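These protein sequences, in sequence, are chains A and B. Using the numbering used here, the first residue of the first sequence is number 7, and each one after it goes up by one. Using the numbering used here, the first residue of the second sequence is number 119, and each one after it goes up by one.
To be clear, the hints were calculated from the coordinates, so they are not data collected in a lab. Among the hints, a few may not be true.
Simulated restraints, written as ranges between beta carbons of each label pair [to be verified]:
hint: 1; chain 1: A; residue 1: T91; chain 2: B; residue 2: G291; range: 32 to 38 Å
hint: 2; chain 1: A; residue 1: A335; chain 2: B; residue 2: A215; range: 20 to 26 Å
hint: 3; chain 1: A; residue 1: G442; chain 2: B; residue 2: T197; range: 44 to 50 Å
hint: 4; chain 1: A; residue 1: V155; chain 2: B; residue 2: L193; range: 48 to 54 Å
hint: 5; chain 1: A; residue 1: I144; chain 2: B; residue 2: R307; range: 37 to 43 Å
hint: 6; chain 1: B; residue 1: V190; chain 2: A; residue 2: T212; range: 28 to 34 Å
hint: 7; chain 1: B; residue 1: E242; chain 2: A; residue 2: A335; range: 31 to 37 Å
hint: 8; chain 1: B; residue 1: T187; chain 2: A; residue 2: Y141; range: 48 to 54 Å
hint: 9; chain 1: B; residue 1: V161; chain 2: A; residue 2: T91; range: 14 to 20 Å
hint: 10; chain 1: B; residue 1: K165; chain 2: A; residue 2: P209; range: 54 to 60 Å
hint: 11; chain 1: A; residue 1: G442; chain 2: B; residue 2: V161; range: 37 to 43 Å
hint: 12; chain 1: B; residue 1: L193; chain 2: A; residue 2: I546; range: 40 to 46 Å
Some chain A residues well away from chain B (every beta-carbon gap over 10 Å; in silico) [unchecked claim]:
hint: 13; residue: G38
hint: 14; residue: S43
hint: 15; residue: L45
hint: 16; residue: I397
hint: 17; residue: L449
hint: 18; residue: F512
hint: 19; residue: K516
hint: 20; residue: T532
Given the structure is predicted, the values throughout are model-derived calculations rather than measurements. Where a beta carbon is used, it is the ideal one built from N, C-alpha and C, also for glycine.
Residues per chain, in single letters:
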Amino acid sequence: MSTNVQPHNGGGNPLYTANPDVVDMSNYLRAGHTLRSWLLTVDHKRIGLLYLISITFMFFLGGIFAGLIRLELMTPEGDLVSSSTYNKLFTMHGIVMVFFFLIPSIPAVLGNFLVPLMIGARDMAFPRLNLMSWYVYIIGAIFTMYAIVAGGVDTTWRFYTPYSTSFANTHVMMTALGIFIMGFSSILTGLNFVVTIHRMRAPGMTWFRMPLFLWAMYATSIIQILGTPVVGIAILLVGVERILGVGVFNPDLGGDPILFQHLFWFYSHPAVYIMILPGMGVVSEVITCFSRKQIFGYPFIAVSSLLIAFVGFFVWGHHMFVTGQSPYAGLIFSALSFLVAIPSAIKVFNWTATLYRGSVTFSTPMLYVFGFIGLFTIGGLTGLMLATLGIDMHVHDTYFVVAHFHYVMVGGMLLAYMAALHFWWPKMTGRMYPEGWGRLSALMVFMGFHLTFFPQFILGYLGMPRHYHTYPDEAGYQILHVLSTAGATVLGAGFLLPAIYFAWSFFYGKPAGDNPWLAKGLEWETTSPPPVFNFEKTPIVTEPAYNYSVHGDEVSEGSHVVAP
Amino acid sequence: MNEAFQMFPTQASTMASRVDNLMLYLLAVTVFFSVAIAVVLIVFAVKYRKKSDSDVTPAIHGSTLLEITWTVIPLGLVTVMFFWGANVYFDQMYAPANSMEVFVTGKQWMWKFQHPNGKREINELHVPEGRPVKLIMASEDVIHDFFVPAFRVKMDVMPGKYNTTWFHATKTGEYHLFCNQYCGEDHSRMVGKIIVMKPEDYEVWLAGGTRNESPAATGERLFTQWACNTCHEGGRDARGPILAGVPGRNVILTGGVVVVADDTYLRDSILNPAARVVDGYQPIMPTFKGLLSEDQVMSLIAYIKTLDDTGADTGTKATTGAAAGFTAAPPPSPVDGVTSVSAVAGDTTTTAPTISTNPTDAGTTAQAETTP
């Protein structure tokens, strides 16, 4: 529980000690100064930073594509880019953001950094496998980058057949290969987390004393392990049909185009939970710390993560209500989709209740979490509309869907990622970010987000289809597109700001001390930045998670139930 | 159509107000919960904001009663959504039996339509107000999607199978038709117009312009031209199943599997005949893939549906009916699609049930045999 500031945080280049030949094992950033020491590191914290740099690059790349899309849509005519370029832009925006940013974001960056620290372990169960996962990710990214540079791909991120197998003449296979390879990174990372959480918890760290972030990471890992191979197979079959001409999906060759959609969504719907569950874990950490409260309904939040992961595997058919699948199949998938909404709702209610009689401060991570709850609630409730068979029939594949999943993915997941980065930045770097700028960015992102995506709900209900380069100008769509583009500008600036002040803070931020938030959790009990092996001696856990109430002696697990 | 600013698009079909009412219920639930959560969150955050560093917070672990409450109430609300939504959806999935049938073909990047009397259109579809219109749709290449926002109607148009949808227009006017499934470069230009007319105007429009032969007539011509009749006509020695009355019936396949001879089955049997062979027959039929366009296949099916199954063929086949794979379903099949097409092509199903009195009816044999 030491809170003293270590002398090495005092100033100068955070990566170097005064004498660069000295390897400082008490600070993982200074343990080795060469590029080689970073590229061959097996330290989970350094690997987390490698991911942070990689996915930040991908995020801004995907953001540039998004910006061009929004600019083009300001007018009904296609006047900025050609149709084929536009189709490539939204395809590459989707692929880069989903596969190379959202899926690895919280798990690979913060999960890598935090899981061993939170359970009191020296490292992951398989440190070398962990490094290999990053290399696999990079190799996958290189293939996809090559496809983009070589001319792009225009199949949408969903690669629907038979368009992707028999009609598209863009770089489908190169992109698909990149995603296929990246999938292994995801599987290996998930495997590593599961084993680490099972086998390496510190003495006293029982399952129900674990921070909820770990429950979320555990549920996420299960989905990564079970779901990713299926999308791998789907992509492989696209290759088999496209290159070898074996009929799998194209009816002209004896295949079934719907089969692809089943395989694709069997992974890609649970993948949505890969993206959102870690975000939910972050919210539980942040909201307890900044309200100084025990989490409300710990077991319900923990188990709801597992329920979401489980039921999430059986809802994929709701992407196919209008493909002509049996209406009875639609019935089942609709019912299950409603069911998966309930555990999400339980989480939101419990987070809200956590604030009751707390001591709330409005730091940047907390502001981002408030944003998360607001946007995720709207994203979730509009998801109910899409699960309703009679409404989906009208809004399916319109801008309504685009707005819905951006509310969940950007409004939910990305805001949680931002909250997490701000919350653990002092631990990762030993330095504080500028709080005022942080709050400004949270506000800009929240406002910009609403302005960008709320008009798209209306656009969608008015019938504007997705993936449209041009649209009829008498349909009343343009004003909504202009609003959306204006919002995207604010949103973009809101994301650029943290990129700048984080980079500044890494070198010049004021030293944070070991526990600037006075937060609970094992990661805050070691120094900032942590030593190479995390803890000087293995911590022993004696209390439940989030034991924030001052009268700690009143807390006895589970027995002290007070209804608000 | 564009009156200043609107939240809901024009309601121009019987389905539109039903979808909108359902939407209003969900909107009410959404607004209620969004506002409630936001208000509680803000009230708590402000009321319980930090007062001093020595703030003491109580250790509240939770409340099982509250957990049950906020599980059960949402569960009740979504149950209503589920049943209401399913009700609307199921009505949209099955067209009324008295629908007028229009063939729709999607291809990169255009829509082709054919009316029951044979009149063809591209990217425009004229329909009468006040009458259900059923669309039988197929794609010649990739997946497209037929979407008319004003009707709240949407259905994918697939290659390799028929999807159907329907609408009952209630308001004259011109409405956008969008391809709603990404289909390649000019996806956003695969748009068209649905023109809803007064029924009398529609009749005038239908009679005008160039007349094409009806789909059934085209089908009859193709049936002879491709020599389908050499195997699918004749008595009990015919090498292929006699097709009269088959559409909509149960068919027993080699191996004992029973399928309904719907449009997609008939299409498959023309393009990929060896896949699902009727029990009692040899897989000797050649494929017509590449030889027939989607339009032509649709015409052949329309023709097959007009064949008279009340006479000679059922007579000859009735004895061997079970062995030959056709179950004895009642001839005027209740499955949609059969009645209206035959009505268009000139009703031939009014003859007596046991004896064919119409030897000239193409596709059935002239053998006037009584049933045992």
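Structure-based check of all given hints:
| no. | hint | in the structure |
| --- | --- | --- |
| 1 | T91/A - G291/B: 32 to 38 Å | holds (35 Å) |
| 2 | A335/A - A215/B: 20 to 26 Å | holds (24 Å) |
| 3 | G442/A - T197/B: 44 to 50 Å | holds (48 Å) |
| 4 | V155/A - L193/B: 48 to 54 Å | holds (50 Å) |
| 5 | I144/A - R307/B: 37 to 43 Å | holds (39 Å) |
| 6 | V190/B - T212/A: 28 to 34 Å | holds (30 Å) |
| 7 | E242/B - A335/A: 31 to 37 Å | holds (34 Å) |
| 8 | T187/B - Y141/A: 48 to 54 Å | holds (50 Å) |
| 9 | V161/B - T91/A: 14 to 20 Å | violated (49 Å) |
| 10 | K165/B - P209/A: 54 to 60 Å | violated (40 Å) |
| 11 | G442/A - V161/B: 37 to 43 Å | violated (26 Å) |
| 12 | L193/B - I546/A: 40 to 46 Å | holds (42 Å) |
| 13 | G38 | holds (40 Å) |
| 14 | S43 | holds (41 Å) |
| 15 | L45 | holds (40 Å) |
| 16 | I397 | violated (6 Å) |
| 17 | L449 | holds (15 Å) |
| 18 | F512 | holds (29 Å) |
| 19 | K516 | holds (20 Å) |
| 20 | T532 | holds (24 Å) |
In this structure, the hints that do not hold are numbers 9, 10, 11 and 16, in rising order.
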